[in-house]
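Chemist: Chain by chain, the residues run as shown.
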Amino acid sequence: MFFQNNINRNKYFFQNIIFLFFFLFPNISFAAGDTISYPKKDWSFSGIMGTYDRASQQRGLQVYQEVCSGCHGLRLVAYRNLKALGYNDEEVKAFAAENSVQDINEDGETIERPARSSDKFVSPYPNDLAARAGNGGAYPPDLSLIVKSRSGGADYLHALLTGYKDAPSNKNVPDGMYFNSYYQGNLIGMPQPLYEDGVTYADGTKATPAQMAKDVATFLAWASEPELEDRKRIGISVICFLLVLTILSYFAMRQIWAPIKSREKKTS
Amino acid sequence: MSKPKFKNPVVKWIDYRLPIFTFMDHELNHYPTPKNLNYFWNFGSLAGIALVTMIITGIVLSMNYTPHVDYAFDSVERIMRDVNHGWLIRYIHMNGASFFFIVVFIHIFRGLYYGSYKAPRELLWILGVLILLLMMATAFMGYVLPWGQMSFWGATVITNLFSAIPVVGESIVTWLWGGFSVDNSTLNRFFSLHFVLPFVIVGVVILHLVALHRFGSNNPIGIDVKGTQDTLPFHPYYTIKDLFGLGIFLTLFAAAVFFFPNFMGHPDNYIEANPMVTPAHIVPEWYFLPFYAILRAIPDKLGGVLFMFGSIAVLFILPWLDRSPVRSSQFRPIFKIFFWVLVLDCFLLGYLGAMPAEGIYVILSRIATAYYFFHFLILFPLLPYIEKTKPLPISISQPVLSGSYTAAISAAREKK
Chain G
1 MFFQNNINRN KYFFQNIIFL FFFLFPNISF AAGDTISYPK KDWSFSGIMG
51 TYDRASQQRG LQVYQEVCSG CHGLRLVAYR NLKALGYNDE EVKAFAAENS
101 VQDINEDGET IERPARSSDK FVSPYPNDLA ARAGNGGAYP PDLSLIVKSR
151 SGGADYLHAL LTGYKDAPSN KNVPDGMYFN SYYQGNLIGM PQPLYEDGVT
201 YADGTKATPA QMAKDVATFL AWASEPELED RKRIGISVIC FLLVLTILSY
251 FAMRQIWAPI KSREKKTS
Chain W
1 MSKPKFKNPV VKWIDYRLPI FTFMDHELNH YPTPKNLNYF WNFGSLAGIA
51 LVTMIITGIV LSMNYTPHVD YAFDSVERIM RDVNHGWLIR YIHMNGASFF
101 FIVVFIHIFR GLYYGSYKAP RELLWILGVL ILLLMMATAF MGYVLPWGQM
151 SFWGATVITN LFSAIPVVGE SIVTWLWGGF SVDNSTLNRF FSLHFVLPFV
201 IVGVVILHLV ALHRFGSNNP IGIDVKGTQD TLPFHPYYTI KDLFGLGIFL
251 TLFAAAVFFF PNFMGHPDNY IEANPMVTPA HIVPEWYFLP FYAILRAIPD
301 KLGGVLFMFG SIAVLFILPW LDRSPVRSSQ FRPIFKIFFW VLVLDCFLLG
351 YLGAMPAEGI YVILSRIATA YYFFHFLILF PLLPYIEKTK PLPISISQPV
401 LSGSYTAAIS AAREKK
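So the sequences go chain by chain: G and W.
Here the first sequence is numbered in the working numbering, starting from 1 and rising by one per residue.
Here the second sequence is numbered in the working numbering, starting from 1 and rising by one per residue.
These are computed hints drawn from the structure, not numbers from a lab.
By construction, the Cβ of each residue, glycine as well, lies at the ideal position given by its N, Cα and C atoms.
Accuracy of the hints is not assured; some may be wrong.
As the list claims (entries may be wrong) - Facing chain G, according to a computed beta carbon distance under 10 Å, are these residues of chain W, among others:
1) K12
2) W13
3) E77
4) Q149
5) G245
6) L246
7) G247
8) L250
9) T251
10) A255
11) N262
12) N269
13) Y270
14) I271
15) P275
Start from the sequences, fold in the hints, and give me the full structure.
Modeler: In structure tokens form, the structure reads like this:
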């Protein structure tokens, strides 16, 4: 019935098959392993028209800088990339210069110099071993891709940062571990990072833990996907173009096939 | 066939010495194509376009990629962040792999449903299965290149399969790796092979097309073309139909690339490969999941490997497994039902491939695997002895045969 030699009927079936493969199949395959679900937040960058909230990004940068950067690096992001957050060249330069990087001078000597805009974010530890040693054996992951590399993305990050609770009495929390309701296994090596007024926002926004979590998640979502705004903007024009092309080619096809179709009708 | 008349003197001059224009005119313009093809016949040309897209984006990516364990991950991130529109090229390539497989899977199931593998198209089918195998090898090695966690652990699991081969297994694995674990030499050779295999695929695709054009396309009724009244020239009838299909395909493809680029990937692959940390679940790309399910369904390692490769091997001998002279399922009522059971079985295997190998999933995997092989090895050869096929039409142009089911319907329609 579906596969009969009938263009009009098959049209829908062919689309259905694609939808089946495209939506149902991968959905099922990723259901594996993730038993924790995270509260869905309303992100400015979700949806096909989504863009990053600049003010939130800037606040997020401040949270990263003042709270996270003590342990977590951001090695794939360059200071110059911060211009995307709305800072100008001078501000970026000044921001970069607060950090120092190792370099080699003209005489071949190793020196420390202030970071330039072209440098990547300076990591807090020289290597993974030092990072582990400094954190009781727990490795603080680099945050450059944290939103992309965790299922749940920004929702996960927000949930994790606000998920610190007192452990239930039956749960034994060893020294140097903390109870977090959204971490796999509930025991996390990172102490609760966000407290009421943990930072003083330059724009006067009240720094509640939820607000800070939202801001830093927005900032890190940008760090993971700096191309997101371009991507969605170009995507809309590309889809519009393709829809017009598809509709035009549909009518061209109808017209070209019209004599054949009318002849078929007469004979049957 | 009449010689085409070219007006352009340059074309004429060249064609006299090198009849390339005559060739194209025959194969792309006048090429007689059954007039009753439905949209499932769009997927061949779509697969060709997907292949070309993959090759072009792949070549551009290779210009910016570094096949070294210390730099591979960062060089991909550099493409994503610093190369102009590098993210676009990479997302097209990444999602292109998935869409290529979607298109090819539909193309294969179309062949199964309409009996396109039957005489005289056996070699056409076998070349197609060969393309599928090459695609799987290429896709597997391509997935290793970004050097994320899934890249590394996927490569480790899959290459380790060869260690199941008795006596020489371990040596083969060492030889494949170029060392004693998946490491820099593995990454280097995978890059090299991932670059060259697509061109091998192009070669086999050309053979696939030569075999296709020998007898032309099969059609939904599955009976041979009887004469020119049954065919239409490829251009403009099927060029425009293919263009329309391409429009729909590209729209869906663009939606994935621009709005859900990581939907079909695994988040763990954005964590750099670390031989010291094993991910909780090692899952291959979605298009390998049915095969992965078959592999894990068998309790013996060597057995699993044999069954997994066997699931492709049965496709090679399919033209001789199916004894029915009737091609199209439209005239095979029982076969048609089992066809859909097979489709569901493959979806089920795909689902099970993504689930942990424990409890009910193992039992279901075994049932689904058993059905897969039952379908090809027992059902195909035996069904023709039990099944009563419907009467075939005389020709594509005269689908009505007196006394047949379709005739009864059209007669009833006439009376009204």
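Chemist: Can you list which hints this structure breaks, lowest number first?
Modeler: Hints 1, 2 and 15 contradicted; others consistent.
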